[in-house]
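Chemist: Model the full assembly from the supplied sequences, consistent with the hints where possible.
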Amino acid sequence: MTEARPSAPRAAAPPRSWWRANQQRLTPWLFLAPGILMFGLYVIWPIFESFWLSFYDWDGLGEARWIGWGNYRELRSDPAFYTSLRNNVLWLVLYLLAVPAGLLIALFLNQTVFGIRLYKSLFFFPFVISQVVVGLMFSWFYAPNFGLFYKLVEWLTGTGVAVLADPDLVTYGIIAAGLWPQIAYVMILYLTGLNNVAPDQVEAARLDGAKGWRMLWYVILPQLRPATFIAVVVTVIGALRSFDLVSIMTDGGPFGSSRVLSFYMYEQALSEYGYRMGYGAAIAVVLFLIMMVFISGFIWKMVRDEREGY
Amino acid sequence: MFPRPVQSRGPAAVAAYQALLPVALLLWLLPLLGVALTSVRPTADLAAGNYFGWPSAFAWDNYAAVFRNSPIGRYMLNSLIVTVPTVIGAVALSCLTGFALGVYRFRSNLLIFFMFVAGNFVPFQILMVPVRDMSVQLGLYNTYQGLILFHIAFQTGFCTLFMRNFIRALPRELIEAARVEGVAEWRIFWFIVLPLMRPAIAALSVLIFTFIWNDYFWATVLTTSAATQPVTAGLYSLNGQWIAQWNLVSAGSIVAALPPVLMFFAMQRHFIAGLTLGAVK
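If you read the sequences in order, they're chains E and W.
Read the first sequence against this note's numbering and you will find it ends at 310, with the numbers running on by one and no gaps.
Read the second sequence against this note's numbering and you will find it ends at 591, with the numbers running on by one and no gaps.
Think of the hints as simulated: they come from the structure by calculation, not from any bench.
Hints may contain errors.
Heads up, incomplete: computed chain E residues facing chain W, CB under 7 Å, no partners named [unchecked claim]:
hint, residue
1, L32
2, F141
3, I220
4, A269
5, I299
Pulled a few chain E residues facing chain W out of the computed Cβ check, cut under 8 Å [said to hold, decoys possible]:
hint, residue
6, T27
7, V93
8, L97
9, G280
Positions of the beta carbon are idealized from the N, C-alpha and C atoms, including for glycine.
Modeler: Shown next, in the form of structure tokens:
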């Protein structure tokens, strides 16, 4: 407050000049206010509230009862929780296949022939469609007795497989459906990246005799690093957020074998199985902490880039 | 250019490549084509086991039936009523936040920026119970406004990231010059920066439209009745009613997917520019 003294005479001047003296300092806060208010109310605050709720036993209507670590203790011996966790790991690992697959398609399409623009858009097409629709499409694709995939397997091996009714295969089937739009997304990231690869470096490497895989590995991929970073970020986040496809294609079944944490949380907190808000919040906290590991990594890298840039 | 242009391998390679493209595309879009074909298949075909041969006749009536026998028209309208205000709100808020974070240097700038970025990545489930509870308390549960307000708030995270990086890349001299002239800060925003943000606004609008139209999770958490439910959630309940009527399910799916698809093809360049911002440095 001691610094306020020298400016005291100015405060006595008309408010217009006080504003003029301080507007550079105050303007950003005025511009930020509505955004921070909304984001704080609907995103930041609920995160803390969920943490707090996870220590309660609450049905969403009556009185909430403090049970300490009770929900977490229950999670530790809940087989459905472990199934969901295992499926989440499976999602994470297999979903990352979208990155090389997307790169492959991008390399295939990175040509200049007649009509290539239309081909690129049509390859990208699955990403624009809602996951609900993608889920319904793949349900039809896998449908026992008449689905295209079922028929194909039947034709190849003699007996068809009902992917979505088989507890061992169901998660793979759903992940395959999820990969379809995700590969399209990664592809478009890489197509844009390839478009910006420095042509002189490629030519120079060519003169040095680099081609094929070596060229890709040593010359092209290093230049595609920003695209790869974004592709990995969106794929990891997408894998851990997977909910829509599970809900649409199997509703967690058969026998809960295709549940993932996000779906199990929803099931516990908001479905006919009962309104266990506290238990649901505990599952959400676990998922949040898992995601925070990745989010912190991404943010750490972004902060580092930011510092280097300025 | 990488890989080496096919043209450099002679006309035979170009012809082979151009023949390969439609085959690859056909395989890639197989599930989509299957559903498109099913959506115009007469029920008689399904009964006779003709599941993926050519339809015996084009039953455009399936589409009429979907609108006649289900509230899908209502659902579509609900989606539109939720999506359009969300796009306007999120883009408007992020023009402000993006300007503040992109132009001014102050101590907590990066901290606030990364709060928006990190918040945009969190799992929806950590927000679900409190947001639903808050909506119930405020009387916003199962209303358009409840869904719109949440979507605006959440999308502000991604939009701020986008807008701030866009503004950062604008020439700073413009703003400095205006300040030397004594132009008020809000006028700098309104008359200098905002006109330059037009491409970013277009790109974000198309993207957010698609994201919100396709949202399913919040639609199921915050709405329950056909009067307010968006088409994604509606399609889920219709799927339960139309067991084994695959031609209707398919027609409904295509109707629901159409608006974002049309938006994409109409505004393709903006869409891709928005999605790939940051993919090149």
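Chemist: Quick check on the hint: E:V93 CB to chain W CB, less than 8 Å?
Modeler: This interface hint is violated because 18 Å lies over the 8 Å limit.
Chemist: Holds or violated: E:L97 as interface residue toward chain W, Cβ cutoff 8 Å?
Modeler: Status violated, d = 15 Å.
Chemist: Against chain W, is E:L32 within 7 Å by beta-carbon distance?
Modeler: holds, 5 Å
Chemist: For the hint on E:I299, does the least C-beta distance to chain W fall short of 7 Å?
Modeler: holds, 6 Å
Chemist: Answer holds if the nearest beta-carbon of chain W is closer than 8 Å to that of E:G280; otherwise answer violated.
Modeler: OK, holds: E:G280 within 8 Å of chain W, min 6 Å.
Chemist: Against chain W, run the beta carbon of E:I220 and see if the smallest gap drops under 7 Å.
Modeler: holds, 5 Å
Chemist: Could you check if E:T27 really has its C-beta closer than 8 Å to a C-beta on chain W?
Modeler: Holds: closest Cβ of chain W sits about 4 Å from E:T27, inside 8 Å.
Chemist: Please verify that hint: E:F141, Cβ, nearest Cβ of chain W, below 7 Å or not.
Modeler: With a closest approach of 5 Å, the E:F141 hint holds.
Chemist: Hold the hint about E:A269 up to the distance rule: shortest CB distance to chain W must be less than 7 Å.
Modeler: With a closest approach of 6 Å, the E:A269 hint holds.
Consistency note: the structure conflicts with the earlier hints numbered 7 and 8.
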